[in-house]
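*Asks:* Chain by chain, the residues:
Protein chains: 6
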Amino acid sequence: MVAVFIGRFQPVHRGHIHTIRQILSEEGELIIAIGSAQYSHTPDNPFSGGERVMFLHHALIEEGIDMSRVYIVPVPDIHIHPLWVAHLKSLTPYFDRAYTHNPLVRRLLEDAGVEVCETKLLERSRFSAEHVRELLRQGGNWEALVPPSVAALIKKHKMDERVRAIGDTRLKR
Amino acid sequence: MVAVFIGRFQPVHRGHIHTIRQILSEEGELIIAIGSAQYSHTPDNPFSGGERVMFLHHALIEEGIDMSRVYIVPVPDIHIHPLWVAHLKSLTPYFDRAYTHNPLVRRLLEDAGVEVCETKLLERSRFSAEHVRELLRQGGNWEALVPPSVAALIKKHKMDERVRAIGDTRLKR
Amino acid sequence: MVAVFIGRFQPVHRGHIHTIRQILSEEGELIIAIGSAQYSHTPDNPFSGGERVMFLHHALIEEGIDMSRVYIVPVPDIHIHPLWVAHLKSLTPYFDRAYTHNPLVRRLLEDAGVEVCETKLLERSRFSAEHVRELLRQGGNWEALVPPSVAALIKKHKMDERVRAIGDTRLKR
Amino acid sequence: MVAVFIGRFQPVHRGHIHTIRQILSEEGELIIAIGSAQYSHTPDNPFSGGERVMFLHHALIEEGIDMSRVYIVPVPDIHIHPLWVAHLKSLTPYFDRAYTHNPLVRRLLEDAGVEVCETKLLERSRFSAEHVRELLRQGGNWEALVPPSVAALIKKHKMDERVRAIGDTRLKR
Amino acid sequence: MVAVFIGRFQPVHRGHIHTIRQILSEEGELIIAIGSAQYSHTPDNPFSGGERVMFLHHALIEEGIDMSRVYIVPVPDIHIHPLWVAHLKSLTPYFDRAYTHNPLVRRLLEDAGVEVCETKLLERSRFSAEHVRELLRQGGNWEALVPPSVAALIKKHKMDERVRAIGDTRLKR
Amino acid sequence: MVAVFIGRFQPVHRGHIHTIRQILSEEGELIIAIGSAQYSHTPDNPFSGGERVMFLHHALIEEGIDMSRVYIVPVPDIHIHPLWVAHLKSLTPYFDRAYTHNPLVRRLLEDAGVEVCETKLLERSRFSAEHVRELLRQGGNWEALVPPSVAALIKKHKMDERVRAIGDTRLKR
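Line order of the protein sequences matches chains A, B, C, D, E and F.
Here the first sequence is numbered in my numbering, starting from 1 and rising by one per residue.
Here the second sequence is numbered in my numbering, starting from 1001 and rising by one per residue.
Here the third sequence is numbered in my numbering, starting from 2001 and rising by one per residue.
Here the fourth sequence is numbered in my numbering, starting from 3001 and rising by one per residue.
Here the fifth sequence is numbered in my numbering, starting from 4001 and rising by one per residue.
Here the sixth sequence is numbered in my numbering, starting from 5001 and rising by one per residue.
Hint data in this document are derived by calculation from the structure and do not stem from the laboratory.
Note that the Cβ used here is the ideal one computed from N, Cα and C, for glycine as well.
Among the clues, some could well be false.
Listed below are several chain B residues computed to face chain C (Cβ distance under 8 Å; list not exhaustive) [said to hold, decoys possible]: (1) Met1067; (2) Pro1074; (3) Pro1076; (4) Ser1090.
Pair ranges (Cβ atoms, derived) [unchecked claim]: (5) A/Ala144 - F/Lys5156: 30 to 36 Å; (6) B/Arg1126 - E/Asp4111: 51 to 57 Å; (7) D/Gly3167 - F/Lys5158: 38 to 44 Å; (8) A/Ile61 - F/Lys5158: 45 to 51 Å; (9) B/Met1001 - E/Lys4120: 48 to 54 Å.
Think about it this way: if two alpha-carbon atoms lie no more than 25 Å apart in a straight line, the pair counts; the simulated DSS-like pairs of lysine-lysine are [said to hold, decoys possible]: (10) D/Lys3158 - E/Lys4089; (11) C/Lys2156 - B/Lys1089; (12) C/Lys2120 - B/Lys1089; (13) F/Lys5089 - A/Lys155; (14) A/Lys120 - F/Lys5156; (15) A/Lys158 - F/Lys5155; (16) A/Lys89 - F/Lys5156; (17) C/Lys2089 - B/Lys1158; (18) F/Lys5120 - A/Lys89; (19) B/Lys1089 - D/Lys3158.
Work the whole structure out from these sequences, hints included.
*Replies:* Written out as structure tokens, the structure reads:
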């Protein structure tokens, strides 16, 4: 069976890896759909779609996951909910079911006739992307929450400086 | 004379019917323009444009209104105010004047040279779509505020469950 | 049962009326979806979505059709085929099946699991919108091909002049 | 009075300058609206909106025209004709009338209630942007047809090489 | 050297003029890029792109600035940060460096390899467009903060009434 | 080094595999960017972005290529050439150089400062996607031109029927 797992991965953290491992233990192939893929440089979406593809690719290899069982697909937002499932399907390989913890995504998928499953979360309050971004902005120990390869990429390319620079500001000009 | 009445109808309530009756007593034909028509499954826009067309159609028939005097037209948002009146005109039959209670819509129409009229509102605090959505979310007596045919459609197609499911959440994934 | 009939209606002609009559003899309610609804002033789409709503409304009343059985819904093009059926559904009331003579529309609907039916055409070579537009441009007897109310609207509002003016030109500036 | 003159200026040629001089002899201020402003690198639109702003600015200074009487405004295409006049107005200063030689632009402006004037053309077959692009592609004497400052910009920044490189190809990948 | 200065100019105030004078004392030519150019009639963007072009044009002439050294270019928002610098460049003449006080714009430009400079601000708390809009809404002495020609345009065309009318409301219908 | 290879892959054929093998013999990692990714069901773009992801994934595994060295990324068209390289970069991992045989793509990349390389083509007249689509439409021996896994997917999911059904028609309704 082929499953799709939907997230924004801003950035990839150890909770995501935990979920991906669970799904791969149940399914033959996994499509990882990266939502809001066209955005970067905002407080909620600091990393570009391409950077998030890179995070996932390196983290999964680091984990020893067989890359021939995984698809990593950036999916831009279209901001029109009744078209979203058709949009997701148009950019991803065929799938049999979906995994998500978000109630709206679950509702949209179910209304379109897609079977939706859940996985157990790894300490959600700690392993959340929002928390990682908060620590990045404030200088806390964000590195402990993300895979080592992701931390290395963020530091090598100075993305941590970007997150701080765009911190609380919005594009005001 | 032909008039246009602009609303979002999320959902149609008895105040809308009250306004439509007033306008039809003054004008020959009425175009009901459903704004934000492309959206659904959000807290402010839970019902799709097509569902709102369906609500209005059934409610007006239930009221015994002559459907040959009425046009029901979904109008997607374009989010660019200086183009909005041209956009409205491009999707609706020719009209002589407009009805709205919203000061921005009034301003846009007047700036484009359209005559704008008002109707008396039916107890605005009670008969408002925002109030109906709130009652739908919290389990209050929303049915008393909407036409019976609209209540029947909402329940038959389990749209009330949808409103509760997407309640306070936003598409976070 | 509720059916949807999809066309561009540039302009409404007697073949369309023929088809609508056939469908209404089979189905309880009919949604007439006007495609490419955002366009006007082009050789292929000279009439706006709103003008086409107006054409259909007047022509059906002229034919004595019960307007409480009919929905007339403008549907803007989105130009992305894999999302089109979801887009159509989001702007129209719920429907049970669809009518179209176009092989691509048929394919898109069937791929999305919608039942598609056909009707017998009224002399296609003669009663086609393309032919009517050609006659409008060249000054032939286009009036014989459209319902009298549609001819009256076109002449009253000088849309025939518009068709000739934009004739063979494209927006070149 | 304030006038608007609409063109694509791909590139600016001596016929454009001839027209601009005529209009400035009649009107107090002139807005030059550059259409299709978002495009570049296509056979019909090889130069970017910003490059065309630059062409006009330098050519008018070269001609000794008083720049305090002129506005140069790039206007991206929206591809929806019934909204185009509202779009043009939203990006330009208020104007009293318009100049164009294109019948569709004339029709759109007149349908929106804008007065449209014409100017005498300078040998249209020779001084046309299409002809200049053709000569650029084939290596003819295009320089004779454009203002010297425009020829200098095209050569300095190797835009002539770009026109040849994208010559007859389309983005096929 | 050619510089670009990026702002929204809602409306132009004396602080903007102060900045423009500083830049022109350092650079040969200045491109003034008007951001969010497609919007008007909102609390944050009450004036259209074209009205803001008009404000700048008249204010600079009033200041005696040589208009042959200045470009005024409306730039619509695209809402996708990683494409914004390419978008800015596509609509403006070639530039050597940029001026902005906004940290996000600075970051986007620097990430794209553009040199960014700063100017000294003129009493930011007082000379800010947000403050001018607030005074316009509440009836304070906004005229003291803007160039006389801008105040004259706002009053002549009753834009002050517009700012008050759309004051705190959003398009709710 | 990381390279990007840009194509539409409508569908993947043996020439593509030949090129991918060449690039992987030169570079450490390869990003395969699938252009026009949002489209399907047209004569030129019959297969969806997701289907093309699936084609590439299965064909590369079949070839024994190490999937930890490859990224497969669908890239929707934006139809604005001067933004295209920024758009490509925003959706893909960081790359050092690009491979393409298309002169326009080469020009856009070079104008944006990206190094562009070429590979030797495998009998271009025979191994072209256009030729494969033509054979699919006319019933020729298309299977010989594509990897066996791609042929199997096309037949299993009846995509060959789709190509024939949409053959020469356009969405006319």
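*Asks:* Give a verdict on every hint.
*Replies:* Hints versus structure:
Because the smallest distance between the Cβ of B/Met1067 and any Cβ of chain C comes to about 4 Å, under 8 Å, the interface hint for this residue holds. Here the hint on B/Pro1074 is kept, as its CB sits about 5 Å from the closest CB of chain C, short of 8 Å. Because the closest C-beta pair between B/Pro1076 and chain C is about 7 Å apart, less than 8 Å, the hint holds. The interface hint given for B/Ser1090 holds, since its Cβ lies 5 Å from the closest Cβ of chain C, which is under the 8 Å cut-off.
Evaluation of the 30 to 36 Å hint for A/Ala144 and F/Lys5156 yields a failure: the beta carbon distance comes to about 46 Å. A C-beta distance of roughly 53 Å is found between B/Arg1126 and E/Asp4111, which places it inside the suggested range of 51 to 57 Å. For D/Gly3167 and F/Lys5158, the hinted distance range of 38 to 44 Å is satisfied, since their beta carbons lie about 40 Å from each other. A beta carbon spacing of about 35 Å between A/Ile61 and F/Lys5158 contradicts the range 45 to 51 Å that was offered as a hint.
About 60 Å separates the C-beta atoms of B/Met1001 and E/Lys4120, a value inconsistent with the hinted range of 48 to 54 Å. This hinted pair checks out: D/Lys3158 and E/Lys4089 have alpha carbons roughly 17 Å apart, not beyond 25 Å. Proposed proximity of C/Lys2156 and B/Lys1089 is supported: the alpha carbons are some 18 Å apart, at most 25 Å. A C-alpha spacing of about 34 Å is found between C/Lys2120 and B/Lys1089, which places the hinted pair above 25 Å, so the restraint is violated.
Restraint check: the Cα-Cα separation between F/Lys5089 and A/Lys155 comes to about 19 Å, which is no more than 25 Å; the hinted pair holds. This hinted pair does not check out: A/Lys120 and F/Lys5156 have alpha carbons roughly 35 Å apart, beyond 25 Å. Restraint check: the Cα-Cα separation between A/Lys158 and F/Lys5155 comes to about 47 Å, which exceeds 25 Å; the hinted pair is violated. For the given pair, A/Lys89 sits about 18 Å from F/Lys5156 by alpha-carbon distance, which is consistent with the 25 Å threshold.
Restraint check: the Cα-Cα separation between C/Lys2089 and B/Lys1158 comes to about 17 Å, which is no more than 25 Å; the hinted pair holds. Pair hint F/Lys5120 plus A/Lys89 does not hold up; C-alpha atoms about 35 Å apart against a cutoff of 25 Å. A hinted pair counts as satisfied when its Cα atoms are at most 25 Å apart, and B/Lys1089 with D/Lys3158 does not qualify at roughly 46 Å.
The structure does not agree with the numbered hints 5, 8, 9, 12, 14, 15, 18, 19 stated previously, though it agrees with the rest.
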